[in-house]
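Mapping of the sequence shown onto mature numbering (1 follows the signal peptide of the UniProt record, and there is no 0): residues -19 to -1, 1 to 705, in sequence order.
These are calculated hints, taken from the structure and not from any lab test. Where hints are given, some of them may not hold.
Claimed, not checked - Quick list of simulated restraints, FRET-style, between CB atoms:
{"no.": "1", "residue 1": "I135", "residue 2": "E251", "range": "43 to 51 Å"}
{"no.": "2", "residue 1": "D208", "residue 2": "I294", "range": "19 to 27 Å"}
{"no.": "3", "residue 1": "P358", "residue 2": "D208", "range": "29 to 37 Å"}
{"no.": "4", "residue 1": "N536", "residue 2": "P358", "range": "57 to 65 Å"}
{"no.": "5", "residue 1": "Q511", "residue 2": "Q406", "range": "28 to 36 Å"}
Said to hold, decoys possible - In silico BS3-like pairs for lysine-lysine, Cα to Cα no more than 27 Å straight-line:
{"no.": "6", "residue 1": "K53", "residue 2": "K311"}
{"no.": "7", "residue 1": "K483", "residue 2": "K497"}
{"no.": "8", "residue 1": "K49", "residue 2": "K311"}
{"no.": "9", "residue 1": "K596", "residue 2": "K544"}
{"no.": "10", "residue 1": "K660", "residue 2": "K268"}
{"no.": "11", "residue 1": "K247", "residue 2": "K210"}
Don't be surprised by glycine CBs; every beta carbon is placed ideally from N, CA and C.
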Amino acid sequence: MNRLVLFFFLLFLSSASFSQRLSVRSGDREFDDFNYKKAIEYYEYSLRSDSLNTHVLRRLAQSYHKMKHDDKALEYFEALVDNENKEDTDLILFGAFLKERGQYAKAKRIYQQYLDRYPGDRGVKKEIENVIKFENETLKDLICELRPSPFNTIYSDFSPSYYNDNLVFSSGRKSKDYRDDKYEWNGEFFLELFLYDASKDPSRQIVRFGNGIGTKYHEGSVCFSSDFKTMFFTRSNYFKGKLNRDENGANNLKIFIAEEKNGRWKVRGEFPYNSDAYSVGHPSLSKDGKVLYFVSNMPGGFGGTDIYRSYWIDGKWTKPENMGSRVNTKDDEMFPFFNSRNSLFFSSNGHAGKGGLDLYVVNTDGRDFEVGHLGSPMNSSADDFSIVINPEGRIGHFASNRSGGVGEDDIYSFEIEHDNRVNIQIRDSLDIHFVVPDQIRVIKPEGIDVNYDKGKNQFSFDIKGEQAYRILVEKQGYYPVDTVLYSHILDPELTHTFKLIKRPSIESVNVNFAMKDFGNGNLLVPDVLQIIEPEIIDLHPESGLGNYSVELDKNTDYRVFAKKEGYYAIDFSFFSSDTLANINHELLMRLMSNKDIQKEFLPEDLATVYFDFDKSEVKSEAFENIKKVVDLLKNDERLMVTLVARADSRGTSEYNDALAFRRAAATREFFVRGGIDIKRVVILALGETSPFDRVEGQSLEDWYRINRCVDFELNTFLDDQVQK
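Use the sequences and the hints to build the structure in full.
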């Protein structure tokens, strides 16, 4: 080879090496800016000259995964882990990818390869345990029919929401307004809201929605108030003509609130817990407008994105409450949808499923808090997400990027084809033999009262979707049964046994009740006095002085409940012995005033928490005391607590009112997170208007200190008190 040829050959090698390095750097820059489509172009170009570059293989696998092209992602992940120059952590990345796609057996093998090298890694051990659990999980399937929506395009169509009788959804399709703007993550147009009206001609069924709120950036994932006059929607952090970014240059998502007037929407503000530092989005509003569910990657969560909820109280949204570890995982939970039956539907790639994002449901009313997988055909090995379902729990829509669709993400409609079958059995409570009732009534959700054949001891009926239904059973010689049962989308067949309690067939006894104040012994007239077991009997006074008389069966266990505003509600049990036949029997029932309750159950050292100057954060030294009060309310559901908040006199009166409220609200969060219904925790913010007396010899600073506090006041849990 002569010198000239050798020179040009070496020059070519140098140029190719430089071009390869430049492509990798350009790809890294686009990857860091979330421009995955452009990053892929640079990375794949660089592979032409260096097909074994592990950095490039890793970034290609991650980029394709971000764009939901998982077949290509799998190809590059496999090339990466087969490369002898791979990093050990690449095995963890590949294992997580396989677990997310539902390939549990292969994920277990990959994790085990890493664990063979690092046997002490607890995190990977936990991942293997989870994979084994998911592998052995039995998932129910739904009997339903899926149909692709007629308005799907080659772009991303997802996140449907009901709007009157129509459907509003997010789409990356072209828009006349911003047709040249594209999102660099996947190369599609920025997301916008569209309305689908099936009643119109095909050429006019799809129109851009949200006249007055559109920008040239993302708008999507929307929900509406029950009157469809208020809209909560997700948008890029773009407000008043400015695109805002966090310290890393990322533009996060926020929830904005708009109102409709004369056919035009106007943004009136944003959700108060938005942040430039993290994303908040995917809103879902309860039917009464008092609870907002949403998704965020704010600090303090369980994983990537978690589901939170906030309550509308006293004209403000409360501090977001994380839905906890039963719903949220270390991976991603998103797209919540809360229906009128207190069921929360959501998508997750962290619970046991078929792979990718799957659809799940959980009851939030305390009846059943276990997460349920919606099964096939709604879930697949691809991403299945953003479900909405009608109030009857039977018809709905969701999005998926499963194979066979038109575009990146497509919207599917579904109708659950099976009715929920309810089987009823009626038995004696003692010897469990079947009992033939005299009357069986089922009052269905629509108010229809159905009488069933009274000559049978077992019967069945069908009910559609998620519903509540009332059952009444009567049999001579037994106490009647009146109860409410619930059907569920994941339980197509429910069997319930009613155990009837026999009425005693013996002589009666006259029982007198005298209601007296615990402190002074005066007679009281309670607001409610009932025998609640074995059947409900309302008692009425024979005079206005608190004396009550009732004729009851002998040799029977009874339970009595009484309450009076301002007093501690009580219930107690007694036995009507046959030795009391035909004689008066007086039961003295002592009601305690709220002051007695405070003195009896709440020692002074637990009754107050203190705050630092101009601060509303609860100090760690108060955590244990608050927990004791929380436990007290858990143990007796008839109690409520009033949080009386004060501030010292420094600052303006208006400022101190707000500071006192923030202190009470911060304290209330501990009760709500501890499982106490927010209705049982009332805020009374006094600010500086009712300070404690300054005693002789007390320093000014110490007097300021004792007024920076929240006092706990226990009292009776009465509905009218809550309203006040």
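Tested hints:
no.	hint	in the structure
1	I135 / E251: 43 to 51 Å	violated, 33 Å
2	D208 / I294: 19 to 27 Å	holds, 20 Å
3	P358 / D208: 29 to 37 Å	holds, 35 Å
4	N536 / P358: 57 to 65 Å	holds, 59 Å
5	Q511 / Q406: 28 to 36 Å	holds, 29 Å
6	K53 / K311	holds, 25 Å
7	K483 / K497	violated, 33 Å
8	K49 / K311	holds, 20 Å
9	K596 / K544	violated, 39 Å
10	K660 / K268	holds, 18 Å
11	K247 / K210	holds, 11 Å
The structure is inconsistent with the numbered hints 1, 7, 9, although it conforms to all the rest.
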